[in-house]
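A.B. asks: Residues per chain, in single letters:
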Amino acid sequence: MQWLDGLIQGVLLGGLYAQYALGMALMFGVMRIVNLTHGDLMILLALIGISLSSALGIGPWMVLVLLVPLAAAIGWLLQRAVLNKVVSEDPLPSLIATFGLSVALQNAMLQVWSADTRSLPGGGIEQASWQIGSIYIGVLPVIVLVAAICLTGGLSQLMSHTRFGRALRASAADVEAAAMTGVNPKTVYALATAIAVGVLGFAAVFQGLRSTVAPADGAAQLIYAFEAVIIGGMGSVWGAFLGAMVLGISQSIGFRIDPGFGILAGHLVFLLVLAVRPQGIFGRN
Amino acid sequence: MTPILSTKGLTAFYGDFQALFGVDVEIAPGETVALIGANGAGKSTFLRSIMGLIRVKPEMIQLDGRPVGGEPPHRIVSGGVAIVPEGRRLFAGMTVEENLRVAIDNASGRDGTWTLDRVFSLFPILKEKRREPAQRLSGGQQQMVSIGRALLNQPRLLLCDEISLGLAPRVIREIYEIMPEISEAGTAVVLVEQDVSLAKQASDRLYCMLEGRITLTGRSGEISRDQIAAAYFGGSDAVA
Amino acid sequence: MSQTQPLSEPAVTVRTQTASGIVAMVIGAGLIATLLSLPFWAEQGTIRSVVELCCYIAIAQMWNLLAGYAGLVSVGQQAFSGVAAYVTFILAQNFGINPYIAIVLSLAAPAILAVPVYGLLHRLDGPYFAIGTWVVAEVVRLITTNVGYVNAGAGMSLRVMTQFSAQERAIGICILCALMLIATVGGSYWLLRSRYGLALTAMRDNPVSAASQGVNVGRLRFLIFVAAAVGTGLAGSIYFSSQLRITPPAAYGAEWASIAIFIVMIGGIGSIEGVLIGAMIFYFADQWFGEYGATYLVVLGVLTLFVALYLRGGLWGVLTRVVDAPWFPTRRRLIE
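Protein chains in written order, with the numbering used here: chain A, 26 to 310; chain B, 17 to 256; chain C, 223 to 558.
Think of the hints as simulated: they come from the structure by calculation, not from any bench.
Hints are all accurate, no fakes.
Some but not every residue of chain B turned toward chain A, in silico, with C-beta under 7 Å:
| no. | residue |
| --- | --- |
| 1 | M67 |
| 2 | V93 |
| 3 | I99 |
| 4 | P101 |
| 5 | A108 |
| 6 | G109 |
| 7 | M110 |
| 8 | E114 |
| 9 | R117 |
| 10 | V118 |
| 11 | A119 |
| 12 | D121 |
| 13 | N122 |
| 14 | N169 |
30 Å max Cα-Cα, derived DSSO-like pairs, lysine-lysine:
| no. | chain 1 | residue 1 | chain 2 | residue 2 |
| --- | --- | --- | --- | --- |
| 15 | B | K24 | B | K216 |
| 16 | A | K110 | B | K73 |
| 17 | A | K110 | A | K211 |
| 18 | B | K73 | B | K24 |
| 19 | A | K211 | B | K73 |
Note that the structure is predicted; figures quoted are calculated from it, not measured.
Glycine included, every Cβ here is placed at the ideal spot set by N, Cα and C.
Using the sequences provided together with the hints, build the complete structure.
C.D. replies: Structure below.
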């Protein structure tokens with residue numbers, strides 16, 4: 026029963042990780058940029074959400090409605106002001122630029138919000154749960170998982186059936202040829218980053234509701250997102266989703282073996298995948 | 017009549033290396049012009065400059081008399097220019113139809129002369145393979161996708177960069193057979209070719225390039241082989 | 223110091239040393255001598271901060287070798303400095319080995335760790351390699367935090383050091399620092415001037431064409447990765463031995479990566495001079511503005527961003543455009 030519980034909680038945790046990972050899968054698929062501010066942006070959004078909630082006295086769903094457009098705007102700005110200048114075959118400039126930005130963001134958040142951990146009040150939803158036999162299933166984690174499935178499905182549809190998705194995949198395959206076919210890659214990139222960071226708006230609200238956030242937490246979220254993308258196999262949003270499930274389950278099972286082993290188990294599964302199947306579990310050769 | 021495209025003293029550089037030295041070319045609406053020259057003569061650089069992939073001064077390239085040099089590629093496309101790039105450059109991981117749709121999505125403002133159905137009737141094999149990943153097609157079929165993609169941008173000027181390269185003679189013939197239909201639609205065509213007799217046959221006028229300069233120009237039917245040979249390999253000044 | 227090699231027929235010689243290089247070398251020797259004399263006249267606080275500066279230089283130069291030449295951008299070098307430092311503490315504290323000998327012996331640990339890490343991560347390209355190294359550092363940190371033998375999360379103290387007087391400790395650390403600088407900075411310089419130097423420079427400029435010119439890029443990258451792990455490990459061992467205390471968050475903190483990246487990027491990637499300039503700037507900035515904490519780090523981060531966007535060559539890149547006076551000349555010039 027303990028293991029079944031571990032599995033279920035792992036899947037639910039994976040729902041949250043999937044929300045971290047989707048944006049990264051999208052951005053890497055197009056621009057081959059790993060945005061090191063990925064986790065910090067999520068923390069920033071969560072902290073903004075928490076402040077909005079207490080300043081305006083609004084509930085979590087209203088925060089979500091305000092936060093997602095704000096997140097998308099931040100993503101657009103990030104791409105236009107920083108990332109479009111460093112997109113190139115050489116990964117170093119984008120890595121260094123976002124590294125610097127990450128250090129600056131983390132410390133700016135520390136100035137504004139201090140090092141305290143905070144969470145978003147959910148009006149009771151964070152405690153609600155269903156009991157099935159001896160297993161408790163939280164209502165909120167289920168909502169998070171459902172939201173993750175919807176976001177993944179939506180993104181997947183967007184990629185395969187819309188003008189934007191085609192332009193994005195065309196730019197990913199051959200940016201120069203895409204431009205010669207009339208695509209404006211800079212606009213497509215900015216839109217992709219806006220969507221990627223917009224998804225982080227969802228992640229931020231759910232992270233704030235499910236657990237706590239503090240300015241220095243971004244690094245861990247970045248690593249989880251990255252591990253999910255690699256475990257699942259690069260380049261597909263459903264791959265990232267499944268990678269997030271594997272990561273969540275590994276951590277959850279590991280945690281039940283020994284509380285100190287939870288996060289480590291996730292890392293070890295990641296390294297194992299890298300060693301035996303570097304293209305990812307669901308990736309093609 | 018204003019030429020659809022004219023270049024005036026076009027110079028282009030790759031870093032310190034100068035690839036074009038004052039190229040003057042004019043293309044009238046609807047005509048087919050061949051651009052020939054040896055490897056490294058500057059033909060591809062010329063096309064890349066027009067497409068906005070190489071930084072040049074605005075007045076060096078004019079579309080309908082409007083300076084457009086150095087504008088980004090997507091602006092050139094919306095101005096009515098499309099290219100069949102060297103090496104086809106299809107979008108890997110996307111199906112034939114998706115490749116074509118990218119062009120439809122981003123076509124110039126011109127009314128839809130070209131439709132998916134019309135491209136499929138030009139190249140019936142593409143209709144059969146529309147759901148297949150583009151990279152799985154044969155070289156000739158890929159070239160057809162690349163041409164179809166350029167046409168679906170609804171160009172008034174179509175640039176074709178070495179479309180016969182690496183293809184079997186039968187396939188080349190098949191592809192060149194559709195050229196008249198493109199011209200009939202009122203589209204001007206620039207054919208960059210290594211195969212001189214093919215270029216001569218398929219074009220109204222002809223330019224020959226050597227080391228970044230135009231060394232010969234004239235009506236394709238009136239230029240002799242000797243003139244071309246001289247312009248192609250250098251030696252004497254030959255302007256017909 | 224000038225090396226001249228007569229080539230075959232014409233009266234052409236290859237010169238690789240310059241006047242500025244000779245001046246720099248004399249100054250460098252003077253600085254090393256000053257470092258060695260510190261224990262006899264300087265205060266404890268001064269010595270400690272100079273030791274820190276030496277460690278910054280070493281770690282930054284090792285990162286420069288990785289990112290600037292081998293194209294291996296790592297943000298997880300703290301795995302190697304931390305492991306070496308921990309092994310030093312274990313050997314000295316739990317096995318009673320002389321701590322200075324322990325520091326030297328501990329270098330085997332980063333070398334051994336580097337081999338499987340490279341094997342695992344080398345197939346990740348570019349940015350993914352970077353985060354992969356970070357995961358490795360996290361794994362090593364989490365394992366250390368969970369191992370009771372090294373006192374888990376509480377960390378260890380180097381109590382055996384009390385057998386030496388403060389001055390004896392200072393002498394030992396300063397000698398080690400001098401050796402570390404000679405090994406990391408001098409060693410890099412030697413490497414860049416050796417026959418591998420041309421291959422490394424070619425690899426920095428264009429790995430694909432370097433490979434086509436017969437440079438075994440994979441092998442060279444591997445060797446540099448291991449060498450950088452050892453150099454970084456030495457800095458970690460020296461740093462924590464002088465601090466006398468180590469904890470997992472301190473040993474494996476991402477600040478180490480931040481410091482290395484900041485120094486190299488501000489100073490100028492792909493040059494030894496840049497590292498020295500960047501290290502000096504970081505050192506003084508830390509001394510003067512460190513008290514402003516978070517605000518100071520915001521400025522550092524924004525500066526790094528600015529350099530990545532607009533000033534790829536860093537300060538040394540700007541300087542070389544003004545005057546051509548390399549301190550560590552590695553170019554070969556033909557002289558008729």
